[in-house]
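Protein sequence lines correspond, in order, to chains Z and H. Per our numbering, the very first residue in the first sequence carries number 52; after that it's consecutive. Per our numbering, the very first residue in the second sequence carries number 30; after that it's consecutive.
Check before you lean on any hint, since a few could be wrong.
What the hints assert, rightly or not - Facing chain H, from chain Z, some residues (calculated, C-beta under 7 Å):
#1 Y112
#2 E118
#3 L177
#4 M181
#5 E183
#6 R184
#7 G245
#8 G246
Worth flagging that the hints you see were computed from the coordinates, not collected in a lab. No residue lacks a Cβ here, since even glycine has one placed at the ideal position from N, Cα and C.
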Amino acid sequence: MRRMRGLIIIVGLVFVAAIYAYGSEGGSHQARLTRHVLSTAVQIVAPLVAVLGCVAATRAYAPGDRERLVWTAGAAAALAWAAGRIVFAGYQWWGGTAVPFPSAADGFFVAFYVLLGLALGLEIRLVAPMVERPIRLGLFALGLAAWAVGFVRVVEPIMLSSVPFVEKALATFYPTAAVFLIPAGLLPALGFRGGTSAYVWVAVALAAVCLAIASLGYALLTWYHLYSEVHSINALWIAGFVFLAIGGFWQRMVQEEV
Amino acid sequence: MTLRESLDALREGPALVADLPGDEVDVERLVSHLVAHGFSGGVHLADRDTESLLWISDGAPRDVWFFESGGSEAALSGVLGHDLFHQMAARGGTVSVLISEPPRPVAMPPTPVLDPPPISETIQGPAPVPQSVAAPEPAKTAPTPVREPQRVEEVPDTGPAASPRVEPSIPEPPSHPWAAILEDVAERVARHRGPKLAARFTAALDAALAAHGGRLEGGRVVAPELSESTWRIVVEAACAPITAVAGRAFVDRTIAAADREVRVLQAGTSGRR
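Chain H on its own, in the form it takes in the complex:
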C-alpha cells in the first residue's frame, strides 16, 4: 500500500478537527499542544498542490509524509521533515487533526537511484529524499488518551510498501528562481557569517543538488527542471548547516532578501530587453 492509500484510508477515519482554514491556525502551537497532551495521530495539511501529514506518537512528532499533486510521495524524518512541514503550514490551505495510531513500520524502499538526467530534463516521479527515509514508529498496544478515551481505528495495513510510483507527471513550476536565490544566499552567508559557514552551505547544497541530478559549478547552481516542492527539499537540506548555527529566522530572512534581490535583478534585465 502506498503512502497515498494509507493517507486516504486515514482521512476516512475520525478527526479531532477537519479542514480548518490554515491561516487561522498556528500549526506550530497546535503540534506542540498535541505533543504535550500525548496525542497519537496525524496533523494533515493540504493546499492546492501539496499535502503533508505529520505523525505524532509517544509524546513526540515523528515522520512527515509529503504528497504532490503529480503523484509523487516521500517520507522524511528529523528536522528536515519537520521544517518543511512547518514551511508548508505557513502557506495556508487547510488543517486537520486525524486520530489514529501511527501505522506499523513501513519498510520504505531506498530512494531509487536514478541516473542524473541531462540538464533541463524534467525529473519525473518521486523526489529522491536527501535523508534516510525512515518508517513511522511502531504502534503501541495502549494508545495515549487525548482528553476523552481515544478510539483506536484500524489503520489499513501499510506493511512493506510498494515502491513509490514512478509515473510521468508534470511537476508544478517553481514559484521562486531558486537557483539564483541559492547562489545569492551563499554570498550573503559568506558576508555575514564568514567563508567557513558559507563553505558548509555550498557543500550541503552540492550534495542536495546531486540527489536531484544537479550540481554546483564554480558557485553556479546547475540543475534540471525541478518542481517547487523538490526545490524546497533542496533548499532545506542546503540550509541545514546555516540553520544549525545562525537559526531559522536568519535563514528565512536571508532567503527572502536573496529572493527580493534576484527578482529586482531579473526585472531590471527583462526591462532592458
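In isolation and in its complexed conformation, chain Z is listed as follows:
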C-alpha cells in the first residue's frame, strides 16, 4: 500500500507539472521560461519513472524467468528515451542552438523503439499460443490500418519531399514503430483476458497509443517547424511513459499478490 501511495504521488506530481507546462499559453516571460524548464524536466522524469516501474516489475521474477527479460528490456527502453531527452535538452540549454534533426538524441530514441519492440516481441512469443489466430490477424490488421492512415496523413508528404534520406527514414521509422506497438501491447492483454494481469497490458497498450500519436504528431510538427518544447503534443509522451510506469508497478503488485 505504501508503494502504491508513492506511485500515486509521483504520477500526480508529473501530471500537475504537465498541466502547468502544456495547459496554458502566453503569460509573462518568467512564466514562459518556467513552463519551458518544467516541460524539459518532466520529459526527463516521466521516462525515468517508467524505468522505476519496469525495474519494480523485474524484481517480482526469479533470474531466468522469461518475463523478467521483457521488463528489463522495457526498463532499458525507457532509460534510452530519458538519455535522449537529456541530450535533447543539452542542445537547447547548453548548446544554445535549435535542435538539429536528426541529432544524437535520435540514436537514443531509435534505441527506445527497438528495445520496447523487443520487450513486446518477447512477451508476444510467450502469449501468442493463448490468443486465437483470428484475433492475432485482427490486431495485425489494426496496426496496418493505423499505420496506413498515419503514412498518408503524415509520412507521405515527408517522403515525397527532397529532405535527406536519414530524415525521411526517421520520419517513417518513429510513427511506424510506434503504431505497431499498439497491437503488440494489446496481444498480451487479450492472452491474459479474464485475469488481473490483462490490465497491466492494457496500460502498456495505452502507453503505446499515446506514444504512437505523439510520434506522428512530432513528425508532422517537426516537418512544418512547429514543434516546441512546450507544445501540448509533449503531454502525450509523458502520458505514454506514465502508463508504462503504471504497467510496471502494477505487474509487480499483481505478480506478488497471487
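Using the hints provided, position chain H relative to the given structure of chain Z.
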C-alpha cells in the same frame, strides 16, 4: 547396472567437495560456476529421503538422476529435471561435487507402462517419468580440466541399464496436501493470468496425473496415494506451462499461497469436527 549402483561407484571416487551442509551452499551458483569452468562430473545432493545427481559436461548441465529411499530411481533431462534438482537443493541436506566423466550412454528402458492402479492403491516401484528419459551425454576422450589436471576415474560400465527395480516399497507420505493445492493453484492462475493459461495448466496436470494413475475430474484431482517426490514430479510437469510464461517465482509464490490456504481450510474443517 542400475543408476544406484553407478552412483555408489561414483561416490567412492574422488570428490571436489564432499558432504557440505546444503544450507550453507548456494547450489544454483555452484552449478553455474562449475558449468562456467568447464567442469565435468556430478553435483550430488542427499537428504534423509532422497538423493539426486546433476551431471555436468561440455559446459552444460545434463541429466539429473533421482533416487528415493524406497529404492525407486529415475533419470530426467531438460528443465523439468533441473527445476526439480534445484527444488531439492532448497531442502538442505548435503552437497558433494564428484569428479568423473559422465557415464557412457545409458539406454534407459522406456517407462514401464503400468495399468492405472485403482484409486487409493499405493504405486509401488519407480515413479514413471512424464518426460522422455534420456541418457547422459557420451563421454569425451579429453576431459575439460578444472583448475588442475583432472583425474579421469574409471566409471563403472553403465551400459544398457537394467529395468528400474520394481519392488515393494513404502513411499514416504506427501508432506503437502498436493491434490487440494493443485486445485487451488488452477483457480489462482485463472484469476491472475486468465482462463487460457489456467486451461494449459489443467491440461498439463491431467497428463502428469495420468502418468501416475490419476486424473482430473471436473477440476478435482483424483489420484492414488503417491509419494512426496512423485507428487513433486507431477507438480513440476503441471506447472511447466505457467513457469514458461509467468516465471518460476510466480509459480513458487502461487503454490505457497495455495498451500497456506488449503492448510487453513483443513485446520478449520478439523477444528469444527
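Quick rundown of the hints versus the structure:
1. For Z/Y112, the shortest C-beta to C-beta distance to chain H is roughly 5 Å, which falls under 7 Å, so the interface hint holds.
2. Below 7 Å, beta-carbon pairs count as interface contacts, and Z/E118 has one with chain H at about 5 Å; its hint therefore holds.
3. Using the Cβ-Cβ criterion of 7 Å, the hint placing Z/L177 at the interface with chain H is satisfied: the shortest such distance is roughly 5 Å.
4. Interface hint at Z/M181: satisfied, since its Cβ lies 4 Å from the closest Cβ of chain H, which is below the 7 Å cut-off.
5. Look at Z/E183: its Cβ only gets to about 9 Å from chain H, farther than 7 Å, so that hint breaks.
6. A least Cβ separation of about 14 Å between Z/R184 and chain H goes past the 7 Å threshold, and the interface hint is therefore violated.
7. For Z/G245, the interface hint holds, the least distance from its beta-carbon to any beta-carbon of chain H being 4 Å, beneath 7 Å.
8. Satisfaction of the interface hint for Z/G246 is found here, the shortest Cβ-Cβ separation to chain H being roughly 3 Å, below the 7 Å cut-off.
Comparing the model with each earlier hint shows violations of hints 5, 6; every other hint is respected.
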